[in-house]
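Now for the letters of each chain:
There are 2 protein chains.
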Amino acid sequence: MLPYPLALMEELSLQSDSRILLVVLDGIGDLPQDGETPLAAALTPNLDELARDSSLGLSTAVLPGVTPGSGPGHLALFGYDPLVFDVARGVLSALGIGLDLGPDQVAARANFATLADDGTILDRRAGRISTELNERLIESLNTEIGDIEGVSVRLYTESEYRFVVVLEAQDLGGTVSESDPGRVGEKPLAMRSQSEAATDERTAAVLNSFVEHTAEVLGDLREARESDPQVNAVLLRGIGKKPSLPSMRNVFRLRPGSVAAYPMYRGVSRLVGMECLPIDLSGEGERTPNKLAAYKAHADEHDFLYFHVKQTDSYGEDGDFDGKKRQIELFDESLPALLDWRPEVVLITGDHSTPASLKAHSWHPLPVMIWSRWGRPDGRRFTEADCRGGSLGSLRHLDLMPLAMANAQKLRKYGA
Amino acid sequence: MLPYPLALMEELSLQSDSRILLVVLDGIGDLPQDGETPLAAALTPNLDELARDSSLGLSTAVLPGVTPGSGPGHLALFGYDPLVFDVARGVLSALGIGLDLGPDQVAARANFATLADDGTILDRRAGRISTELNERLIESLNTEIGDIEGVSVRLYTESEYRFVVVLEAQDLGGTVSESDPGRVGEKPLAMRSQSEAATDERTAAVLNSFVEHTAEVLGDLREARESDPQVNAVLLRGIGKKPSLPSMRNVFRLRPGSVAAYPMYRGVSRLVGMECLPIDLSGEGERTPNKLAAYKAHADEHDFLYFHVKQTDSYGEDGDFDGKKRQIELFDESLPALLDWRPEVVLITGDHSTPASLKAHSWHPLPVMIWSRWGRPDGRRFTEADCRGGSLGSLRHLDLMPLAMANAQKLRKYGA
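Each protein sequence line maps, in turn, to chains A and B.
Just so you know, we're using my numbering here: the first sequence kicks off at 1 and counts up by one.
Just so you know, we're using my numbering here: the second sequence kicks off at 1 and counts up by one.
Because the hints were derived from the structure by calculation, they are not lab data.
Take these hints with a grain of salt, some might be off.
List of simulated lysine to aspartate or glutamate pairs, DMTMM-like, C-alpha gap at most 20 Å [unchecked claim]:
hint, chain 1, residue 1, chain 2, residue 2
1, B, K413, A, E275
2, B, K296, B, E275
3, A, K359, B, E344
4, B, K413, A, D86
5, B, K413, A, E317
Chain B is faced by these chain A residues, among others (derived, beta-carbon under 8 Å) [claimed, not checked]:
hint, residue
6, L58
7, V66
8, G71
9, P82
10, V84
11, Y156
12, H361
13, P365
14, G375
15, G379
16, G393
Over the 10 Å line for every Cβ pair with chain B, so calculated as not near, a few chain A residues [stated by the list, open to error]:
hint, residue
17, L31
18, P45
19, D86
20, R89
21, G150
22, A205
23, D220
24, L221
25, D300
26, H364
27, R373
28, D399
Just so you know, even glycine gets a beta-carbon here, dropped at the ideal spot from N, CA and C.
Required output: the full structure, derived from the provided sequences and hints.
Quick look at the structure:
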């Protein structure tokens, strides 16, 4: 039986032409500084106009007090309980760079790192090396390593110091602990099976050999002056296999599309069966014009679109209140282009809060607004304070897809 | 697997120096009389100042419409689902008077009572006899009774008409029905095993013999003029064994302490692994100065403190609106002394509502406030009406510990 709300959605969903736009302003929830949050301080005429006719509420992403990572926050938004569908970060990263993992593959997220002479970690990010150096190192490592103990090992650049390791062989398990202790001053950990299964033992053994072998290759590259002296180790985390999630196509009877530029968000949207719109991903950052161009060209192929805005979170993580406010204003400028698609339902919220004062993800409930012809308009702005006590009340992210579906008149009556 | 939220808390909790103060104003929730509840009518300058900078909400103790006893209400506040951890009232009473029940012990709560000649109950409390008479009767009964069918039977005074019965033997069950029908005009019930187990049959048989034997001894004492003529029976309820609850130390990685004067609350706090601060318990009633003295002397040994205020409930039970209001004002006077501990998080609520107009516990959601540096201040007072539509929204008592932990920055992120 599928967990809430999927089983109910599978039972009640109707295919129809009505359109749902889900806008995720990453990390949008905040705390007031001098009485105002970035959402309250930003000048957002377009958002204000839409909000006035919307129902508002405060939504808890996962559970009260729980600070979600981006993966769990997004899964909850899409209606997939992250406490049930526990997806390894390595899997999300692999999907995000376009790999479609199969049942014989195990993915891990990896960092190039710097160890001191005594083996303790000096820098978990090897001085944040360039993506270009990352690509050269990955090419060399792929040439040198190939197979370990009959297991194919392939590496893929993510960006800067980050890459993805994909193992492939029959009888490989995915339940293995991480090598990255998460802080400097400690030694990398040996990876271990977290079950009794021989398949997990095998994965752990191969990954431990991989870490050793990689250190040797990196040593050779440094001697040949083909690397940076501070790149002398790799750290692995988020090891796992791709879980088989029910597709949004089948559960919600939607043709879902995703408009996101960053790998992580493309990955999680593909995991639930969304099609990533073909965005020009050259360059770095938000790439809003590219996203809007893809949206304009391809939105009509879908009846559900997820539009992701990353920079609100990035400025929150940097503690930059004004930068976050400015990103909200930039989003406001692009809102009319999104509404040109003429969605029947517009749902705007975030995957988690990232208060600028906290410089980190947080547990605070997210402001949420649902605009539709069938809403109860609250006549307010889209701010944390205005969403408090709105028509949607206090809810959970898992409740949002059912509400969007209902407002799009895509759910049949329950019972007679 | 531990029930919500304990498994998640066990996974995410971090030990740190930050401090959480949980104040339980027993039975604080009320209904308006002439438009105001006791909280609204009370003059509470200290509470008002703290509330202005706090996040507010309305929290349901157990489930909507469910009127909790003090045990379930407190367990929910501490994060222990009372629908899962079903603790017998006899066990709570036993723990409350300082008995540390073992696995071979079964406890029951007992009343001295008055039966009519036809065996029906005239007074479930035997005219609320004095604690002094209770102590004399218990001494005689302990001398006369001793063992029944190889089972040790010990009685302990609680206060006034209330005492605790503790059986001890191997192979004693704890799943037995009560003798107290809960109302006058009916006859006491025979206690029965509520399972097929011989161990439960044995406990029921011993307790039924105990009730008979006690009536004989009380008859002898009345003839010898060593008792009050209206004490001629005992009624037993809340029979059970002490459950093994996971300790707050292990689940939340806290050093939890309890500041409560009444046995019941000391009992329930010990059950979840709190250490009772050494309060001078001589005298009766709230004993606020004694509690504050213990708090001042020992608070620094803990990073989580539960401070209990009983009299708000007592005046509610008596239907005394003004008395309840006065007790709130007295608490307000002691609030600065509590804040001297400099907690990072202050959580104030109750274990259940006790509306003065109802003169009893009720199901109404409780006003709750969380003060912390990381809150969203609602700028209001701590009243039922102001908590409505606050930033915390509608929540459950089980959500409160996770929120307090999050605000104290004692929880790591969930997922990546």
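Hints, verified against the model:
Between K413 of chain B and E275 of chain A the CA atoms are separated by roughly 29 Å; this puts the pair beyond 20 Å, and the hint is violated. Restraint check for K296 of chain B and E275 of chain B: the C-alpha separation of about 15 Å stays at or below 20 Å, so the hint holds. For the hint pairing K359 of chain A with E344 of chain B, the CA-to-CA distance comes to about 18 Å; that is within 20 Å, so the pair holds. Restraint check: the Cα-Cα separation between K413 of chain B and D86 of chain A comes to about 14 Å, which is no more than 20 Å; the hinted pair holds.
Simply put, K413 of chain B and E317 of chain A have alpha-carbon atoms about 14 Å apart, close enough for the 20 Å limit, and the pair holds. Using the Cβ-Cβ criterion of 8 Å, the hint placing L58 of chain A at the interface with chain B is satisfied: the shortest such distance is roughly 6 Å. For V66 of chain A, the suggested interface contact is upheld, since its CB lies about 5 Å from the closest CB of chain B, less than 8 Å. The interface hint given for G71 of chain A is met, as the beta carbon of that residue sits about 5 Å from the closest beta carbon of chain B, less than 8 Å.
For P82 of chain A, the suggested interface contact is upheld, since its CB lies about 6 Å from the closest CB of chain B, less than 8 Å. Interface hint status for V84 of chain A: violated, as the beta-carbon distance to the closest one in chain B is roughly 12 Å, over 8 Å. Look at Y156 of chain A: its Cβ only gets to about 18 Å from chain B, farther than 8 Å, so that hint breaks. This hint holds: H361 of chain A has a C-beta 6 Å from the nearest C-beta of chain B, less than the 8 Å allowed.
The interface hint given for P365 of chain A is met, as the beta carbon of that residue sits about 7 Å from the closest beta carbon of chain B, less than 8 Å. Interface hint status for G375 of chain A: violated, as the beta-carbon distance to the closest one in chain B is roughly 18 Å, over 8 Å. At about 15 Å, the closest approach between the beta carbon of G379 of chain A and any beta carbon in chain B exceeds 8 Å, and the interface hint on this residue is violated. At about 7 Å, the closest approach between the beta carbon of G393 of chain A and any beta carbon in chain B falls short of 8 Å, and the interface hint on this residue holds.
A beta-carbon of chain B comes within 10 Å of the beta-carbon of L31 of chain A; the shortest separation is about 6 Å. Distance check on P45 of chain A: its Cβ is at least 25 Å (rounded) from any Cβ of chain B, clearing the 10 Å threshold; non-interface status holds. For D86 of chain A, the requirement that its beta carbon stay farther than 10 Å from each beta carbon of chain B is not met, with the minimum near 7 Å. Distance to chain B contradicts R89 of chain A as a non-interface residue, since its nearest Cβ pair spans about 4 Å, not more than 10 Å.
Every beta carbon of chain B lies more than 10 Å from that of G150 of chain A, the smallest distance being close to 30 Å; the non-interface claim holds. With a least beta-carbon separation of about 24 Å from chain B, A205 of chain A lies farther than 10 Å from that chain, consistent with its non-interface assignment. The non-interface label for D220 of chain A is consistent with chain B: the shortest C-beta to C-beta separation is roughly 32 Å, beyond 10 Å. With a cut of 10 Å on Cβ distances, L221 of chain A stays outside the contact zone with chain B, its closest approach being about 29 Å.
Every C-beta of chain B lies more than 10 Å from that of D300 of chain A, the closest at about 34 Å, which supports listing it as non-interface. For H364 of chain A, the shortest C-beta to C-beta distance to chain B comes to about 7 Å, within the 10 Å cut-off, and the non-interface label is violated. Listed as outside the interface, R373 of chain A is consistent with that label: its C-beta sits roughly 26 Å from the nearest C-beta of chain B, beyond the 10 Å cut-off. Under the 10 Å C-beta cut-off, the non-interface status given to D399 of chain A relative to chain B holds; the minimum distance is some 13 Å.
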